[in-house]
Amino acid sequence: MTEEFVITICDGTTCINHGGKQIQTALQEQLKLNSLSDKTRINLSGCLGMCTKGPIIVINPGYTIYGNVRVEDIPEIVEKHLLEGKEVARLVIQEDHLYNRFFRIFGDSRFFGRQMRISLRNCGIIDPEKCDDYLALRGYEALAKVITNMSPAEVIEEVKKSGLRGRGGAGFPTGLKWEFTAREKSDRKYVICNADEGDPGAFMDRSAIEGDPHTILEGMAIGGYAIGADKGIVYIRAEYPLAIRRLKIAIQQATEQGLLGRNILDSDFSFDIELRLGAGAFVCGEETALIKSIEGGRGMPRPRPPYPSVSGLFDKPTLINNVETWANIPVIILDGADWFNSIGTKTSKGTKVFALAGKVINTGLIEVPMGTTLKEIIYDIGGGIPDGKKLKAVQTGGPSGGCLPDKFIDTPVDYESLTEAGSIMGSGGMIIIDEDSCMVDIAKFFLEFTQNESCGKCTPCREGTKRMFEILTRITEGKGEPGDIEKLERLGNMIKKASLCGLGQSAPNPVLSTIKNFRQEYEEHIHQKKCRARVCSGLITYQITEKCTGCTACKRICPVAAISGSPKKMHTINQEKCIKCGLCFETCKFDAIEKV
Amino acid sequence: MVTPLDVIKKKRAEAVSRIISKNFLATKRVYVGMATCEIAAGSDEVMQVFRDALEKGKFTDVYLSQKGCAGRCNLEPTVEVIEVGKNPVRYGKINKERAQQIVERHLKNGEVINEWTID
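So the protein sequences, as listed, match chains R and H. For the first sequence, the working numbering assigns the number 46 to the initial residue and increments by one for each residue that follows. For the second sequence, the working numbering assigns the number 11 to the initial residue and increments by one for each residue that follows.
If you're looking for bench data, these hints aren't it; they were derived computationally from the structure. On a predicted model such as this, the values are computed, not experimentally measured, just so you know. Backbone N, C-alpha and C define an ideal beta-carbon position, used for all residues, glycine too. Don't take every hint at face value.
Claimed, not checked - Some chain H residues close to chain R (C-beta under 8 angstroms, calculated; not the full set):
no.: 1; residue: I29
no.: 2; residue: N33
no.: 3; residue: R82
no.: 4; residue: Q111
Said to hold, decoys possible - Restricting the straight-line Cα-Cα distance to at most 25 angstroms, the calculated cross-link-like pairs of lysine-lysine (PhoX-like) are:
no.: 5; chain 1: H; residue 1: K96; chain 2: R; residue 2: K131
no.: 6; chain 1: H; residue 1: K20; chain 2: R; residue 2: K84
no.: 7; chain 1: H; residue 1: K20; chain 2: R; residue 2: K175
no.: 8; chain 1: R; residue 1: K434; chain 2: R; residue 2: K622
no.: 9; chain 1: R; residue 1: K622; chain 2: R; residue 2: K592
Stated by the list, open to error - Quick look at which bits of chain H chain R covers, simulated, 3 or more residues with Cβ under 8 angstroms:
no.: 10; segment: 57 to 64
no.: 11; segment: 67 to 73
no.: 12; segment: 95 to 107
Construct the complete structure from the given sequences, taking the supplied hints into account.
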């Protein structure tokens, strides 16, 4: 980072259509002409959400935004701004969205520049334990705005117009949900925030709450105002102690400031929020099970209808949304539904947070506009696959989702496209799988999780997932039988059809989607007793090659004394004794041990 | 009549002046990641290094704050040094020793330690 200037050029579709690429070329030429190439770095960003004023370029330091830039303007910008240090006033635009606060600090980097932070707009730039920090960034202004200027019906209309859909996974239109709850007549209504994040490897909600707890509270209060509720509950798992602590601090601060509690901001509107801790059951992320758990019962789903919007917590109309959904609300109110609606694809608006994990260089928490392709996420933001390996598949949606093989890499992330490709959006888990991973083993991993977490209410889910897990275990141990694949498919389809809640309806997805896309791997396991990724220990043998120097390290570490050989001579493994623990493989410093 | 919007604007002004009174306008603002993931990677110790440096009274031009997770999981703990008029500097994989170096070299002498920055 020795450069003096970083120029960010919007690389979104609209800006490119308006000549973004020509501007980039012109800029590079001008920088060269003025000998500024070494002092300036050009950074390409994702859509900056200012499409009506594109093409957009941003110059740092100073965070000057230029809009409607034409190729002819470039010499002037370079000369005046970079050489003389003066802004080109006629091109400066003052558009300042809430997400820009984040972009100011992080936008000039490759990893963050491609992202757009709406729900995570304050995560990483404010002190989450200071209400002042949140207030300074227009915190609680959205709440004040709805109480002052908008009727509950207008708030709902605004949310509907924004096109926001539930970020928990199912993608139900949020505004409609609000409307259904608002139209119910009742002496008491409830607002719930579902923070029972349970997908293995997912940490979107935890990071959101730990980084910016007040946003959730503000979103919920707006929801309460819109549907006529005065009580909110955050259902969060007890495994998130820091998130719980920060939420508690935030609730206390907001109450002291008159932003929660009775007569909020001296108005007639009152709203309280309390926490309920979940014991960590995956099924409690399902809304009816979650509600049962808050009521003090055993967390088990019940048939719908009636939906919670009609009869939810304590049989009262209840509005329940996911953490990320709530975090979007203040932005929709302040930046406007029309602006929000301009971001994303035809059916999916706004952004989506993903926990990017697995075999990718930059693992992390990302938020991208809907419609960003998997390729952009994996290669532009994620930096590609480590060690020059080949991408094999992308798993989205956690244990409810599916694996998309590499041919789907151009799929844009939105609810419909991912479903069409054979996976789901889910709550935001995204695991990158490379050629060293065995698809049967991955399916087994997710099924082990769901069969453990099945609440046991529906027999197909309780027994079926268990049987599926047993079959998969058998296959990975090299004891697969012809017909196992068909059995898995039959069982899987039955569980999907005959289960009551989302857990059972989606539990077979990882298996069914890997069978569909990687059937050959299953067949190899069963018929040839071969695991091409050399992961399934039952299907591999360890062998010592000529690279062996006779250092005796493997012999010493082998727990079953299966390795023999004298010092400085090539060793051998007794395959009958070998338990395939892999310790020798990890210990060998000369790459002399091979998995076959 | 005073509306809730008026009230919140007043509250914001008060909040801003409270933040400023805590030396926010100091030339260098240092943010240390303190979410569960960052703490697990060791950011507690890093924070302590900066706290100690500030407490010993060496710096009057530094504002220190914690922050949530920005999302660079593989490079945590992360630290940002922000200075008005300069490009923000983001450091990754900071441990106790590196934090000490940042204090000595960057905060004291204004040297950006390029090998630890992330882009």
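Do the hints match the structure? See the list:
no., hint, in the structure
1, I29, "5 angstroms, holds"
2, N33, "13 angstroms, violated"
3, R82, "5 angstroms, holds"
4, Q111, "16 angstroms, violated"
5, H:K96 x R:K131, "15 angstroms, holds"
6, H:K20 x R:K84, "43 angstroms, violated"
7, H:K20 x R:K175, "17 angstroms, holds"
8, R:K434 x R:K622, "33 angstroms, violated"
9, R:K622 x R:K592, "22 angstroms, holds"
10, 57 to 64, "violated (count 0)"
11, 67 to 73, "violated (count 0)"
12, 95 to 107, "holds (count 6)"
The structure fails hints 2, 4, 6, 8, 10, 11 (numbered hints given earlier, in ascending order).
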